[in-house]
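**Student:** Same order as they appear, the protein sequences are chains A and B. For the first sequence, my numbering puts the final residue at 480, and the numbers step up evenly by one. For the second sequence, my numbering puts the final residue at 368, and the numbers step up evenly by one.
Please keep in mind that the hints were generated in silico from the structure rather than gathered at the bench. Just so it is clear, CB atoms sit at the ideal spot from N, CA and C, and this is done for glycine as well. Some hints could be false.
Per the computed footprint, the stretches of chain A lying under chain B, defined by three or more beta-carbons under 8 Å from a beta-carbon of chain B, are [as the list claims (entries may be wrong)]:
id : region
1  : 24-37
2  : 84-93
3  : 326-340
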Amino acid sequence: MFKPLTEDVRRSLEAIVGSDHVSTRDTDLLTYSVDAYWMPQMWLDRGRRTPPPDVIVHPGSTEEVAAIIRIGNEHQMPVIPWGGGSGTQGGALPIHGGIMVDMKRMNRILEINDRSFTVRAQAGVNGGQLEWALNDRGLTLPHYPASANCATLGGYLAPRGSGTISTKYGKAEDLVMNMEVVLGDGTIIRTPEVPHHASGPDFMRLFLGSEGTFGIITEATMQITRLPEVRLFRALLFKDVATGIEMGRRLMTDRLEPLVIRMYDAPSTKLLVKRVLGYELDGAYMIIGFDGFADIAALQEQRAMRIAEELGAQDLGREPGEKWWEKRYDFYYPPHSLKFPAMYGTIETVATFDKIEKLYNAKKEAIEGTFGHLGVGYIGHFSHWWRWGASLYDRFLLKEAPQDPAEAQALHDKIWDVAVHTSLANGGMANEHHGVGLKLSRFMPAQYGAAWPLLERIKDAMDPNRIMNPGKVGFERKSS
Amino acid sequence: MTAVQRPTPDETTEGCRYCWMCRQACPVGHVTARETYTPHAWALTIESVRRGQLQWTPETTGVLYACADCGLCQAHCVTDRPLPEAIVAARTGVVARGEAVPVVRAIDEKLRAYANPYRDEAPVSSGNTGTTALFVGDAGQHLGAGEIAAATALLSAAGRKVVPICEGRSSGLLASSIGLRDTAAMLAARVIDEVARTGATEVLVLGAGDRWTFDHVYPSRLGVTWPAGVTVRDVADVLVDAQLQRQLSLRPVDAGIYAYVDPCHAARTGRSRPAPRTLLRAAFGGPQARELFWREHRGHPCGSVGGLQFTHPEIASRLSDARLADGKAAGATWLVTDDPACLHHLRGRSTEGGVPVRGLYEALAERL
Numbered sequence: 001m002f003k004p005l006t007e008d009v010r011r012s013l014e015a016i017v018g019s020d021h022v023s024t025r026d027t028d029l030l031t032y033s034v035d036a037y038w039m040p041q042m043w044l045d046r047g048r049r050t051p052p053p054d055v056i057v058h059p060g061s062t063e064e065v066a067a068i069i070r071i072g073n074e075h076q077m078p079v080i081p082w083g084g085g086s087g088t089q090g091g092a093l094p095i096h097g098g099i100m101v102d103m104k105r106m107n108r109i110l111e112i113n114d115r116s117f118t119v120r121a122q123a124g125v126n127g128g129q130l131e132w133a134l135n136d137r138g139l140t141l142p143h144y145p146a147s148a149n150c151a152t153l154g155g156y157l158a159p160r161g162s163g164t165i166s167t168k169y170g171k172a173e174d175l176v177m178n179m180e181v182v183l184g185d186g187t188i189i190r191t192p193e194v195p196h197h198a199s200g201p202d203f204m205r206l207f208l209g210s211e212g213t214f215g216i217i218t219e220a221t222m223q224i225t226r227l228p229e230v231r232l233f234r235a236l237l238f239k240d241v242a243t244g245i246e247m248g249r250r251l252m253t254d255r256l257e258p259l260v261i262r263m264y265d266a267p268s269t270k271l272l273v274k275r276v277l278g279y280e281l282d283g284a285y286m287i288i289g290f291d292g293f294a295d296i297a298a299l300q301e302q303r304a305m306r307i308a309e310e311l312g313a314q315d316l317g318r319e320p321g322e323k324w325w326e327k328r329y330d331f332y333y334p335p336h337s338l339k340f341p342a343m344y345g346t347i348e349t350v351a352t353f354d355k356i357e358k359l360y361n362a363k364k365e366a367i368e369g370t371f372g373h374l375g376v377g378y379i380g381h382f383s384h385w386w387r388w389g390a391s392l393y394d395r396f397l398l399k400e401a402p403q404d405p406a407e408a409q410a411l412h413d414k415i416w417d418v419a420v421h422t423s424l425a426n427g428g429m430a431n432e433h434h435g436v437g438l439k440l441s442r443f444m445p446a447q448y449g450a451a452w453p454l455l456e457r458i459k460d461a462m463d464p465n466r467i468m469n470p471g472k473v474g475f476e477r478k479s480s
Numbered sequence: 001m002t003a004v005q006r007p008t009p010d011e012t013t014e015g016c017r018y019c020w021m022c023r024q025a026c027p028v029g030h031v032t033a034r035e036t037y038t039p040h041a042w043a044l045t046i047e048s049v050r051r052g053q054l055q056w057t058p059e060t061t062g063v064l065y066a067c068a069d070c071g072l073c074q075a076h077c078v079t080d081r082p083l084p085e086a087i088v089a090a091r092t093g094v095v096a097r098g099e100a101v102p103v104v105r106a107i108d109e110k111l112r113a114y115a116n117p118y119r120d121e122a123p124v125s126s127g128n129t130g131t132t133a134l135f136v137g138d139a140g141q142h143l144g145a146g147e148i149a150a151a152t153a154l155l156s157a158a159g160r161k162v163v164p165i166c167e168g169r170s171s172g173l174l175a176s177s178i179g180l181r182d183t184a185a186m187l188a189a190r191v192i193d194e195v196a197r198t199g200a201t202e203v204l205v206l207g208a209g210d211r212w213t214f215d216h217v218y219p220s221r222l223g224v225t226w227p228a229g230v231t232v233r234d235v236a237d238v239l240v241d242a243q244l245q246r247q248l249s250l251r252p253v254d255a256g257i258y259a260y261v262d263p264c265h266a267a268r269t270g271r272s273r274p275a276p277r278t279l280l281r282a283a284f285g286g287p288q289a290r291e292l293f294w295r296e297h298r299g300h301p302c303g304s305v306g307g308l309q310f311t312h313p314e315i316a317s318r319l320s321d322a323r324l325a326d327g328k329a330a331g332a333t334w335l336v337t338d339d340p341a342c343l344h345h346l347r348g349r350s351t352e353g354g355v356p357v358r359g360l361y362e363a364l365a366e367r368l
């Protein structure tokens, strides 16, 4: 069992970071007990509070983070990293109480290198502010998640996030050069300067997706690029998802390097595209985009439009594509964002091209077939594409969740069970880019099968006392 | 968003409590690095009290009063959610129930007695009349008399005769921000009376805060109507026009590298402020100008905003220190701003920050 906060521990924490940077105020405890996951928000909405941390600390340096983790070990208290609090998987929830480590004081941009095109920054820097600093120099970190305004650099990396233009530039994990990490025993390590080499195993990747369960990322160097000369967007309408998937597959396997391919299925087109963009369309709405030098982007687009024509797509022109780009984050602002009393979950997944259509159909059938009688709906779009496959960003929606929070959570978990098992059974992963957190933690052993014990052994090596973000990514504390 | 669709304070906090999308713009969140001092957490705190999960206590009201009412969250919200209005409404409720922090009550007493929070001196009513009035306000009178004198001299050099009004009288913005709605409305009514008595058809203002107050706070927050036929203009705009018409000339000088600090509330007015920059370039050179990181649409306040200098002086100081550090990082050897309250506040910290701060109009008047 973990131990609660004592005066002794509090004093030790104050000695590390200063008393101004340690809090047990009720408003802080409440604020840090809820992130962007539906579950804690629902409990709060129903008048109940979810477990708070014992104490919140705001370190100002890597050494302070290390000292805090050592305190956690010494006093058997959980240590939970907090960045922007915008994760949707409950990855930052202090479900066992403990020491909440808010990283936002560590927000310095340490170096912008415009020769190697890299930026080195502390992990608590806000994504939007980092981007402003780069844009001022004509540069960009080409990772544009919907959470860019609120998430931190550490929050980009820890759950392996994807952004709107990942199709060309990759996920956050593809952009990282190196990191500084404080391990679960308080050891400070640095990964090699460059990510591609042949000097032994690439242990940096162990921390990508570990979500604070192996340690806390305190600094990272990311690849950056110039702001493009142009960004060209175009909207297309397909009669069905299958033809749209084929369009995406051709664009990727022909290596046309699209910036974005976003295809909404027919129900999403009817609901979201109409609500946010104002277009009433029947079919699968797709946006394609190309960026870079004007002549090259235009040529890429021209080749893409040839494929679209072959597949019988309706060309909706530039304006609906440009409008989507301009309003791409509007979907996540109130009043467009989902809100209570609704129940919802983004059950997104990823699979290879040979499986992705079948996976979409199977999930739609599973969700609507199992829960349709309760009013649960299913919508999806395909948003991040690789040369081998695509991600399916699908959601379940229920307009009115049961009022009783326990009943609501039970139904929510049941829908997630069906969704994830259907993904795994059809060649998909439990998740593509939101991370595992608390929400998907229980599915990890099944997802990894015989490989799971290996991950458990790695966890023990990184965090011998299992104090780091317990209950997340499948890692529980072993009973002693 | 039309007025009809404008969400109520409750609808606003309901939506904003679980929305993190303006985090990057919040100055208080940035300088404190506290989750609880960010827009979503203010909405969450207000909603949690409304739902009985928290109560208004000295601790929770302290959180409520940590917002700067600078408007940057709304200015950066693509759906224009009026969270600052919802926070002000919550503060108004706290005041009405007698639960506000003691300093708010003290400010209320001062404003009611003297129409300003700075000195125990009643406003001056000169009884002058004229077609163009210069709004002095309480900060102009008690904190930035030099700026007022310099602005008047510049306007005079440009052939504009102005009548100073509301010398020592608060516009009501401070009262409005900290939830003293009745006091704010009373102050607004007196400002409007004075405008009417002067017979002015044009009121010139020095800072974005006055502009914001007359254009937005009076009609939207206080239900006070600005007199019909009376326009509000920025002094800097008038001076740029005079320069273009060759009615004003400034002797250029190389005074070193400088940077302009956009005054509090500038970002929320939705207007970029090219005029001060144009005047500065004319007097102190374009190549010597630098831009701060926190500028224009993302311009962070100086700290003298939303009553923070009274309710949370430590946050106010951090904000001003951040402006000074921003100037230093930009390579500026001096900073310049045009709002008397901002000038006073920044100057108060500039000895520690190491970058001197000058008033825009004082600096320009030296170049006449």
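**Student:** Now look at each hint and say whether the structure bears it out.
**Tutor:** Do the hints match the structure? See the list:
Counting residues of the region 24-37 of chain A whose C-beta sits closer than 8 Å to any C-beta of chain B gives 9, which meets the bar of three, so the coverage hint holds. Residues of the region 84-93 of chain A with a Cβ under 8 Å from some Cβ of chain B number 3, which satisfies the need for three, so the listed coverage holds. Counting residues of the region 326-340 of chain A whose beta carbon lies closer than 8 Å to any beta carbon of chain B gives 10, which meets the minimum of three for the stated coverage.
When each numbered hint is compared with the structure, no violation occurs for any of them.
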